[in-house]
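S.K.: Those sequence lines, one after another, are chains A and B. Be aware that the first sequence starts at 34, since it is given in our numbering, and climbs by one per residue. Be aware that the second sequence starts at 34, since it is given in our numbering, and climbs by one per residue.
It is possible that part of the hints are untrue.
[Unchecked claim] Not the full set, but computed from the structure, chain B residues with beta-carbon under 7 Å of chain A:
#, residue
1, A60
2, T64
3, I77
Note that these hints are calculated values from the structure, not bench results. Treat the numbers as computed from the prediction; the structure is a model and nothing was measured. Glycine included, each C-beta is placed from N, C-alpha and C at the ideal position.
2 protein chains.
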Amino acid sequence: MSEFTRRNFIATSTLMAAALANRPAEASAPTASKQGPGVYRYKIGSYQLTALYDGTWFRKIDDKFVRNATSALVDKALTDSFLPPGIVPTSFTPLLINTGAKLILIDTGTAGQLAPTTGLLADSFATAGIDPKSIDTILISHFHPDHINGIKDKDGKKVFPNAEILVPEPEWAYWMDDSKMRTAPAEMRPMFLNVRRIFADIAKDVKRYAPGNMVASGITSIAAYGHTPGHTAFAITSGNESMLVLSDVTNHPWLFARHPEWQGIFDMDANLAVTTRRRLLDRAVADKMLVAGYHFPFPASGHIVKAGSGYDLVPVMWQPL
Amino acid sequence: MSEFTRRNFIATSTLMAAALANRPAEASAPTASKQGPGVYRYKIGSYQLTALYDGTWFRKIDDKFVRNATSALVDKALTDSFLPPGIVPTSFTPLLINTGAKLILIDTGTAGQLAPTTGLLADSFATAGIDPKSIDTILISHFHPDHINGIKDKDGKKVFPNAEILVPEPEWAYWMDDSKMRTAPAEMRPMFLNVRRIFADIAKDVKRYAPGNMVASGITSIAAYGHTPGHTAFAITSGNESMLVLSDVTNHPWLFARHPEWQGIFDMDANLAVTTRRRLLDRAVADKMLVAGYHFPFPASGHIVKAGSGYDLVPVMWQPL
Numbered sequence: 034m035s036e037f038t039r040r041n042f043i044a045t046s047t048l049m050a051a052a053l054a055n056r057p058a059e060a061s062a063p064t065a066s067k068q069g070p071g072v073y074r075y076k077i078g079s080y081q082l083t084a085l086y087d088g089t090w091f092r093k094i095d096d097k098f099v100r101n102a103t104s105a106l107v108d109k110a111l112t113d114s115f116l117p118p119g120i121v122p123t124s125f126t127p128l129l130i131n132t133g134a135k136l137i138l139i140d141t142g143t144a145g146q147l148a149p150t151t152g153l154l155a156d157s158f159a160t161a162g163i164d165p166k167s168i169d170t171i172l173i174s175h176f177h178p179d180h181i182n183g184i185k186d187k188d189g190k191k192v193f194p195n196a197e198i199l200v201p202e203p204e205w206a207y208w209m210d211d212s213k214m215r216t217a218p219a220e221m222r223p224m225f226l227n228v229r230r231i232f233a234d235i236a237k238d239v240k241r242y243a244p245g246n247m248v249a250s251g252i253t254s255i256a257a258y259g260h261t262p263g264h265t266a267f268a269i270t271s272g273n274e275s276m277l278v279l280s281d282v283t284n285h286p287w288l289f290a291r292h293p294e295w296q297g298i299f300d301m302d303a304n305l306a307v308t309t310r311r312r313l314l315d316r317a318v319a320d321k322m323l324v325a326g327y328h329f330p331f332p333a334s335g336h337i338v339k340a341g342s343g344y345d346l347v348p349v350m351w352q353p354l
Numbered sequence: 034m035s036e037f038t039r040r041n042f043i044a045t046s047t048l049m050a051a052a053l054a055n056r057p058a059e060a061s062a063p064t065a066s067k068q069g070p071g072v073y074r075y076k077i078g079s080y081q082l083t084a085l086y087d088g089t090w091f092r093k094i095d096d097k098f099v100r101n102a103t104s105a106l107v108d109k110a111l112t113d114s115f116l117p118p119g120i121v122p123t124s125f126t127p128l129l130i131n132t133g134a135k136l137i138l139i140d141t142g143t144a145g146q147l148a149p150t151t152g153l154l155a156d157s158f159a160t161a162g163i164d165p166k167s168i169d170t171i172l173i174s175h176f177h178p179d180h181i182n183g184i185k186d187k188d189g190k191k192v193f194p195n196a197e198i199l200v201p202e203p204e205w206a207y208w209m210d211d212s213k214m215r216t217a218p219a220e221m222r223p224m225f226l227n228v229r230r231i232f233a234d235i236a237k238d239v240k241r242y243a244p245g246n247m248v249a250s251g252i253t254s255i256a257a258y259g260h261t262p263g264h265t266a267f268a269i270t271s272g273n274e275s276m277l278v279l280s281d282v283t284n285h286p287w288l289f290a291r292h293p294e295w296q297g298i299f300d301m302d303a304n305l306a307v308t309t310r311r312r313l314l315d316r317a318v319a320d321k322m323l324v325a326g327y328h329f330p331f332p333a334s335g336h337i338v339k340a341g342s343g344y345d346l347v348p349v350m351w352q353p354l
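This is chain A alone, in the form it adopts within the complex (with noise of 0.2 Å):
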């Protein structure tokens, strides 16, 4: 056998490409334009989680994009995990839970507004077999586009017309409060503007519920303050098992978790989103608890672990039901 390295295989392969380059057969089936169906299924106790992908968006990033890092670690970070520098792809996935008496989704992805990578919550939906028109709740973890925008259509509808929506009480005081509106930083105007698009017309609809308090059966929300002034994680409970959603306590895992200290750009309060992320996480350690991250890789869910300063996550296995 002669030595196998990838420089041989490229200068085999592009002789062979040559000699084939009249060839008109074609196979017989078109390449695919489409990622398979991201829809993940998993039980905790007697309820039916089902992971939901909603897509990626390829964020490119600048020296601004971790404040308290430059962004030569933050590259490295990135190719050390095999991914190219400069872009954090960073996907979002909804969980549905199915208590056997409630349909209960958690955030409701991007409405396809991040990138044309996004958006694909509906299709998830439709994989799952699941009418939208059946959830019975929606949890809001907090007021972020990618988390919020899922409630509406493009033309303003609701999604889940049947849901009601409940929301972390200390979220919406903050960002309905025109005040605030007004004295934040200009760049944050837009992010204000889109929680009224979202919120201003169905607000007598909206329920809102103080952190720390059980929120639906076996659904108990936890005040994980920081990334946004109400941002809120949840614990899901059946049976002698349990599981904690993370929300957004920790970004793409592979910069995040690893660097716990790392302050991104989207933490409005970074000292204590630091503080929430070591208090969740060691917690997730502690009681080696199965974790969802809303922008952990499809399907989103693991086991935190202790690694050098930080933390890593050892993803789910895939398996059958």
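Chain A is fixed; fit chain B onto it per the hints.
M.R.: Using the frame of chain A, we list chain B on its own:
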């Protein structure tokens, strides 16, 4: 906020469940009985690859599973990865390559004959929108049942009737040799018989290749002996991209990449298998090549990094096309 611990969640949830015990409501969607489809697409140059999940065999292991490690050590490797002890979740993921001119399938799955949680390949083909009749070429890595059984259905009919079947010459020479069958340990006899069940009546149509040569446009076979006498890996190259298909060089990476010296019961020449494993994993590390592993957790590809005295898999991050 009250302290959140796993114990508190469960206690609260039990109270809540008792309170709701008489509640008659049911969610408007039933619990799903199947996992989401296991279809994942990616590109190597102009080639489109599709990982097609065939299921997972929850293999109960005893202290003979690894010849040179105690079951306590194997169990620790499992529980360190948050898997239950005593069971190796062995998944099967054939790989489809659309070169633009040909549809090539590497290995064919279990035909559902290993466990009720296997045999999903036909579903995965359907989800991918590919008719098995359109497969042009089947490349077989070796003759273990989970790689060849999918060539035929339960009635002995060819599943891929229009595909030419290419197998490693030394693999054919070993398993089709009746004298080898007679002198092999009794427990190997069913495997010899299974090879005959699959190949005897189609022998004239089976082409044998010498590992080390190009077997299809852009696909080079690589002798990777040890797991079986003719076990073969592959390199796939298109444009200036290439990847390494490890076949069974490494079984579950959380066991055998992390502990490359472990001699699994399935490795026929265990010393040679260990040497081959280190040789190919070292190559993957040196060239930073994307790899696929037939028994890696779906979508069964990623990159290999050095970790301690062994290696670790950095799984691919699920992305849109």
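S.K.: Give a verdict on every hint.
M.R.: Each hint tested on the structure:
no.: 1; hint: A60; verdict: holds (5 Å)
no.: 2; hint: T64; verdict: holds (5 Å)
no.: 3; hint: I77; verdict: violated (10 Å)
In this structure, the one hint that does not hold is number 3.
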